[in-house]
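> Sequence:
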Amino acid sequence: MMHRLRHFSPIRRSLRFDLVGQRHVDEFFEKHFCALVVETHALVSMVFCPNNEDKGKITSSPWKQEYPRQFDQYAELLARPDPSRGDWEMLLSNREERKHLLQAIITKILETEAFSSLLFGAGPEHRKVLETVNASSAEGFRRSSLRAQTNLKYLEDTFGEPPLFWDEVDNLCARVVTVLAPLYKWTTEVEGSQSSPIMTIYQSFHDVISYACWLSVCIQTSPGIIDYDWVAPGDLYHLDQVNLNHELYEESMEAARGSEQEMAARVKICVVPKMVRYKPALDAMGTRGTESYTIMQPHVLYYHGRKLDQDENDAYVSLPTYLDEHKLRRDRGISTGSPTLILVVIVFVLWMLVHALDLVKQFITNAGVV
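With my numbering, letter number 251 in the sequence shown gets 251, and the count goes up by one each step, no holes.
Using C-beta positions, here's what the derived DEER-type ranges look like:
#: 1; residue 1: Arg12; residue 2: Glu191; range: 27 to 37 Å
#: 2; residue 1: Ser14; residue 2: Val38; range: 10 to 20 Å
#: 3; residue 1: Arg13; residue 2: Arg142; range: 29 to 39 Å
#: 4; residue 1: Gly286; residue 2: Val317; range: 50 to 60 Å
#: 5; residue 1: Asp170; residue 2: Met46; range: 14 to 24 Å
No lab work stands behind these hints: they were computed from the structure. Every residue gets a Cβ at the ideal spot worked out from N, C-alpha and C, and that includes glycine.
Throw the hints in and build the complete structure from the sequences for me.
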């Protein structure tokens, strides 16, 4: 996929950098995060679930693809297999679960790479300044306010647009697509046809990622603090969680029917974290405090798991164990042509040469004595 994009330059999405630095209300961030969630969902639906018709029984496991290590790490971080219904296999072979897992992975990458940045697209010198500010002993809101003021001063000459913004968007887009490319390959093979032209797909990724990065700049020039709280896969159901697909949970309940253990709803995938914006506030008496606003409740999928944590942990199979037991990946350790194998062979040959020289010396010595 990536080699076909070598000479492709995506069109830059039109973004409102003139809004950077304005005193935005909580609803501004709520509106744009909701829009980002919708766009991300539409993106993964278009790319990884292009057809609605059933193609019949899937004979090739999606886990046989050679994924970057980050893909496996994100999958295990954000998802929990349902032992009663397909285990890890179902998370990628089922269209709905695949769609939500990929949305979770993209959202997590954006949270880590963009939203957690001190200023996305800043130059190296300004990054050093921000790291100094962030390492100061000032308390949370004072530090975030100082960071926002520093960023606004820095962005005055560029009208709110960080100088390396588009370079970093291009870089982040390429990394996200690289992580997901093996699954795209599998999807096109299983679905029978690719969803859209490669250029269109990459442009769509670029649009969503640049939008998220623009939103991160708005956050980083605001004195408020946004906290991202991901629900741990396997956690029990909670009232504040938004269930994205009740039909999948009903299918899990049906699959677990007859279990002798007490069962309960548990989180299968955390698709979107809980987002809360905190900002300083004064009460009626003028006392300083904190005001919070929930931008978004956590969005999840459920499965019907064991109610007791110990029973659930006993039934859990990690992704590496699952892949190994089902022989779904070739050994990434020592394989033909790998650097590790070559090094082992070289060391062995050198050892044999040294050992042979010792034998020759011993033979010559013995011959001299005789």
